[in-house]
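From first to last, the protein sequence lines stand for chains A and B.
My numbering puts the first residue of the first sequence at 1, with every later residue one more than the last.
My numbering puts the first residue of the second sequence at 1, with every later residue one more than the last.
None of these hints come from the bench; they were simulated from the model.
Okay, derived cross-link-like pairs now, DSBU-like style, lysine-lysine, Cα gap no bigger than 35 Å in a straight line:
#: 1; chain 1: A; residue 1: 48; chain 2: A; residue 2: 37
#: 2; chain 1: B; residue 1: 25; chain 2: B; residue 2: 53
#: 3; chain 1: A; residue 1: 37; chain 2: B; residue 2: 101
#: 4; chain 1: B; residue 1: 53; chain 2: A; residue 2: 37
#: 5; chain 1: A; residue 1: 58; chain 2: A; residue 2: 37
#: 6; chain 1: B; residue 1: 101; chain 2: B; residue 2: 25
Output of the computed footprint for chain B on chain A, the stretches with three or more beta carbons under 8 Å from beta carbons of chain B:
#: 7; segment: 29-40
#: 8; segment: 128-139
We put the beta carbon where it would ideally sit given N, CA and C, even for glycine.
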Amino acid sequence: MNRYLWPLIAVAALLVFLVMGLRHGDPRALPSPFIGKPAPQFELPTLKNPEVTVGTEKMAGNYALVNVWATWCVMCRAEHPFLLDLADSKSIPIYGINWRDSRPEAIRWLNDLGDPYLASAYDEDGRVGIDWGVYGAPETFLVDPEGTVIYKHLGPLDPVIWEREFASRMADGGQAK
Amino acid sequence: MKRLLVLLVSTLLVSTAFAIDKGKKFDDPAMQARYEQLISEVRCLQCQNQSIKDSNVTLAADLRREIARMIDEGQTDEEIAEFLVVRYGEFALYRPRTTGKTMILWIAPFLLVLFGGFALARVVKHRMSLPIDDDTAEER
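Bound-form chain B, shown alone (with noise of 0.2 Å):
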């Protein structure tokens, strides 16, 4: 009974082993939230959409030590951020940064917005300056 309970309690062990590296990363609190909020929005370049952080290619799990190691080092999300890009191109982050070159991504849904009431505008203006009794009159 000993014994199986040695070998039951073995076996959990060895299995957790196996589990995806999420686990804490940093004492620090703060650090560590860091560190979550980073590699959840990078994306995993080898799996493409999802980030490194759900992701157990052998690529996720050297970003996620190479982001622990830059944040150990002191380096700001900006630098960790020109780290990414320098390598995989803008891509690699699902948070795109407002460069010249991603500034479409971020006004391209306001322009849409802008387009989309100015044609419903133009569309109200019409029927408004249609005969009110129209429909009416038809079904007469």
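Chain A extracted, bound-state conformation (with noise of 0.2 Å):
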């Protein structure tokens, strides 16, 4: 009995590995090096009009969510009528950042399905993208008052991801204002 023991153990402890990389969620989701850093500067002409910028500089001073998005992004279609709620709720000013698009085919998308965004930046070539670490829209940074980045979440946001992730971690717990 006994020299089967250790081998059992050891096959069982496997397991037990196994389950709980199957139970780690999405395989694609990896820890964000920026949690806790400053939030990357940027300042890039907005979305509809070129002659604007936008960027890290016009959202101190408040808790903001920083939105990766394209018009290509399929879930970015799915996540964004929750993201038109939210901006209805005034909990929290949503900036966008318009990542690899193309600047007519993004203002058509937001004139068709509404613009949750305060003002999006326009990445045309993917510098910011690359500087904020995105590898996949629809990406969603959560950046505090005093523009450190307190959270990042892969994949399309929902109700439930915001109460537990986002609202959770503000000091208001991301009451309307």
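Starting from two chains that each stand alone, build the complex the way the hints lay out.
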């Protein structure tokens, strides 16, 4: 009996790790190296008006949501209604980074589906996307009033994720102002 | 006939424009070699089991462009690796650097060999201590 005991324990331990691996959630989600660090500075022309810029400077002093989106991104369409609701609730200013997209198509998307963003930065060549470590839209960052990234979510937002991961991290619990 | 030829040649020219950007980036062969080495060791974050050298997604193309730019600016391989790790984490590098966090990846194989050797030695020692005519005695 004893000679089978140790291999049995080893296999059981392996199984526990394998099951843990399966339950880990989205295997594409990587820990963001930005959590707790200052948000990467940027200033880009806005999507709707190239003459005006938007960037980290404008976001300072308030909690801000930075949502990376594009018209070619299928899941961005899925989360769009929630972003509109969130904008309506006025719990947090939402800034967009329109990542590697075509300006006319992106503007048409906002006109057709509604615009939840205070402003969307137009990141044509993906430079700011790289600075923010973006690798798959939609990605959403929560930045605190001091300009520190406190959370990042990969994939579409929904009310459950918003309450659990975002609102709970804000000092006022994400209440409408 | 001449028209057809022109058409044929121009079609060929057009299709090359769609090819994945794997062409030469540098005139200097040493820099080109560094560039190719670097891009083959960076994970494509969008497609995860490919290097950015093998991938044609936009992010891979953007990262190839940034790496080419940094080589052009005379940055070292370490600086380029640092650029990537700051943004995407250690996961972006196929060859993890030897830092405190990744040390386990480098020493784990040696630990496993050591452990295996130890286990093997124990088994062999145990069997050596058995009477040598054990099997034949049973057969008889």
